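Turn these sequences into a full structure, and let the hints steer you where they fit.
So the sequences go chain by chain: X and E.
For the first sequence, the numbering used here begins at 1 and goes up steadily by one.
For the second sequence, the numbering used here begins at 179 and goes up steadily by one.
There may be inaccurate statements among the hints.
What the hints assert, rightly or not - In silico lysine-lysine, DSSO-like type, Cα no more than 27 Å apart, as pairs:
1) E:814 - X:77
2) E:698 - E:720
3) E:720 - X:77
Honestly, the hints are just simulated from the structure, not real lab data.
As the structure is a computational prediction, the values presented were derived from the model and not from experiment.
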Amino acid sequence: MSLLSVNTVDRLDRPSAYYVGKNKRRSRYNDRDEEEHEREDPMSKLHDATTLYVGNLSFYTTEEQIHELFSKCGEIKRLVMGLDRFNKTPCGFCFVEYYTHQDALDCLKYVGGTKLDERIIRTDLDPGFEEGRQYGRGKSGGQVRDEYREEYDPGRGGYGRAYDDQRQREEEQYGEGR
Amino acid sequence: MADYERRNNGHRGGGGGGRKRRYRDDEDYDRRPQRRRYEEPLFVQVRRQLLTIAESAARRVEDDVVGIAKTVAENYEDEELRDTLINISLDLVLEQPMKIPFVAATALFTYNSKPELGTELLNKAAGALQKYIDSGSWREVKLLVRFLGCLQPLFEGEGIFTLLEELFARAVDLQTASSEDLLGLELVKIILFTIPYVMASPATGFESQASALLEKTDIIASTPTPWWTCLISVLQSQLQGESSKGWELKCLPRPWKDAREPEGDEPKPFEVVAKVAFPQITVPNPVPYGSRALFPEVYLSVYAGQEVDTVPPVSDIATSLMRDALVDTLNLLDFNRVATAKYLIDVDCYYTRNTFVKRATPFDRMREMAGDNTSWKPEDVAVDAVFSQLFQLPTPEHKLVYYHSVLTECCKIAPAAIAPSLGRAIRFLYNNLETMDLELSNRFLDWFAHHLSNFGFTWKWSEWVDNLELPPIHPRMAFINGALDKEIRLSFAQRIKGTLPEPYLPLITESKEKDTPEFKYSSEATPYSKEGQELMQLIRKKANDDELQPNIAAIEEQAQGLGVEDPKVPSTDALVTSICFVGSKSLSHVLSCIERNKDRLLAIGAASEKARLQIITSVMEYWADQPGIAINIVDKLLNYTIISPLSVLEWALTEHIAAGAILSKSHIYEMISATVGKVTTRMRQIVAARVQKGLYEPQLSVLEETLSRERVEMKNLFKFIEDSVVSVASGSNDELMERGDGSGDMPEDAILRQWGRRWLRVFRRKAAVEDAFISDALINATPVGTHAPTREDPADTAADGDIHIADADEQ
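This is how it looks when you write it as structure tokens:
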């Protein structure tokens, strides 16, 4: 209930640097093209946001598990699993929509950065789910970050898929008498 | 740390280089090697010093306190610096109460070096205090009064006591009107929590004022009637004890005491040259209620009754002082659980040196030190404060998961120190399960499973192995089963099985490991198996409602032939079981299945009460081994209004009461609580709509009617629980009496009656809280029959406005 304008410690219920950065880049680009276009503050879209982007999930984490954890911050209105664009299998992210903005903020504060299915998950305030956003945008169908990962992550399909393909090719070509 | 945005606009407008003086004069530089090459603005330095005041055990806080005051006073012309001091000081008072004595000490020295600046700070604090009094924000009032209390030596005459007396007069008025008034007690609490800080301040000669005030508060604080005054009466007697010991107040820091001059002069006692009058504060009569509902506070410790005290005993004033500051910190900083966890772990930095033993001192070591032990275990004191909120009734200030997250964070920051403390807390709670309030034992269960899920599900299950012999309805077995179920929900059965010692393995049956439970109609032995299978195939093919009808009709016809009382029951079973099976892949699958067959399901509920209950039965039976999924589906069915809240209660508390055995199942408690919660949440929304300002007829009457109707329904719901459970509690439940020889003396009968009593207590409290909420809210609601004020309101120039509005309407 404090009426302070600035807090003595950082707040965890702010949009991430990723969101801010991504939108800044976009708006700068737009400014140059269409100067007259009304400049919309990317933050204003988050004023009443009730949706969260949830990342770093294991491919094996189920809707039920997500529901079990995220409903601790309020009733869930909708849950959209992130899917591989080609196989339509979970690819490690989802959107959780609450009924109220406050529940979404509380989720950032209390659940973001804690573990689900024994992985630290990432939450970010999101302007809202739109059809198409449930699919991975990586080349091979999953999330971009899973393309070029050099470490092995058993929860997210092993090594990065780009390397995986290369490795597989090399294996197949091995001994083909070059 | 806080961002760097807080600076006065325009002050640096000269295009940079506005810094007139650096923190240290040149001769200081040869003593301390300069690490920073760039020029850090002075206000940034002071801000950091203030924000982190007392946080480091490596620095003498007494030096920092003097240092900050000196810097600011010497650079008095730096406006940005002055503002930093004033604003950050007050921010800390309002957000990090454990630092108040240190912030206050800085203010004292600032005043002595630069009275103008000290006075400016005082005035700003007084202005904020006035604002919080006017809005009824009593926690903020308490903290600012505490801050001013620490500054008592600056004031002429009685100083803060005048304000305390005035607050007391208001408390008396409120208490005279009603001895159960909680705001009056809140005011007394503020007074009592101020006195020790005044007495620990450098001000002297106020013993008689303090005792006089204590004598007065005694009348209110010791009123024996309501049991819940106990927190205040405990504090009252602690203070009386302290007063008889000459206000020793051992734990409170006196950072002004050992202040050394930077040049290494001898420490000087704190003296004030010219005092000021205590700022003018008006306490309105009557005092306003704030927006936060007040509830009686009870002192709770999960470290009570250990063989060695690791937290101060209830007789010690340190108990109340530390708990109060820790709890405020915890609740004020909910927006950064990591910082909160750090401050909790650092609790030993904010009290006198010998208050605590070294961090992470093992319990066994405490045992060896016992005897001359008057030092406490900092981790236990901190963890205890979090549990006091997690177990706050009826509800804590923030969502329960916040308190989970703080404990998780504490464990992450200092695992070696915190984990053993949590272990002892868990054992204490587990050992008290039988008598614990049922709401609280379920919070414990939920926290326990969630906590373990953050730490690889490791727990020393072996120490409870003996309890596996207990009957399944025993509270301890109910806890073990409930906890394992919750762990599985957050993970999966096989994983949890791998964390358990051998004797526990039978608890996780093979069917719990199955992702998709059997479809019972696949077995020829199940009645209506052929129709059931066909129905399932149709639902899988997303057939429309008309295509389902022949199968449904076939089942009902067959049932009629078999003499089934309500043929809709078996047809509903086949339908709902098929939906569950087809939708078993995930929650969204089952939801879209329900969605497609919504009309038929809604019609079933409307047509037959038995069939409506069958919907719930089919869901609960299909998912019997994964009750979490079952109650989740029930919850969604409630949202679709396919089933009603009352039908959920009937299903559990009449149809499946099983002599009371169902009351021992944690998922049933969860389901009933969630169902009741839906009703009360809706009720509160209606109340909020009813009491909003600027509402007139005819809307008032419409809302009033909805409210009255829903209020009756809510009461009926609570009455239904009461009537169903009271028979279990009193042992007069039919099924309970039919067990064994009917004497009610079977070994498990006592346990069943106890479950009944625990359920009653919870739902009676919920009913009372909701009823009080509605009544309190309606006190200030616009009465029914109030019409919108006519537009010729003499108060403003309405005539003009009239025309404008009329114009707008015509367009």
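Right, here's what the structure says about each hint:
no.	hint	verdict
1	E:814 - X:77	10 Å, holds
2	E:698 - E:720	20 Å, holds
3	E:720 - X:77	24 Å, holds
Checked against the numbered hints listed earlier, the structure breaks none of them; every hint is satisfied.
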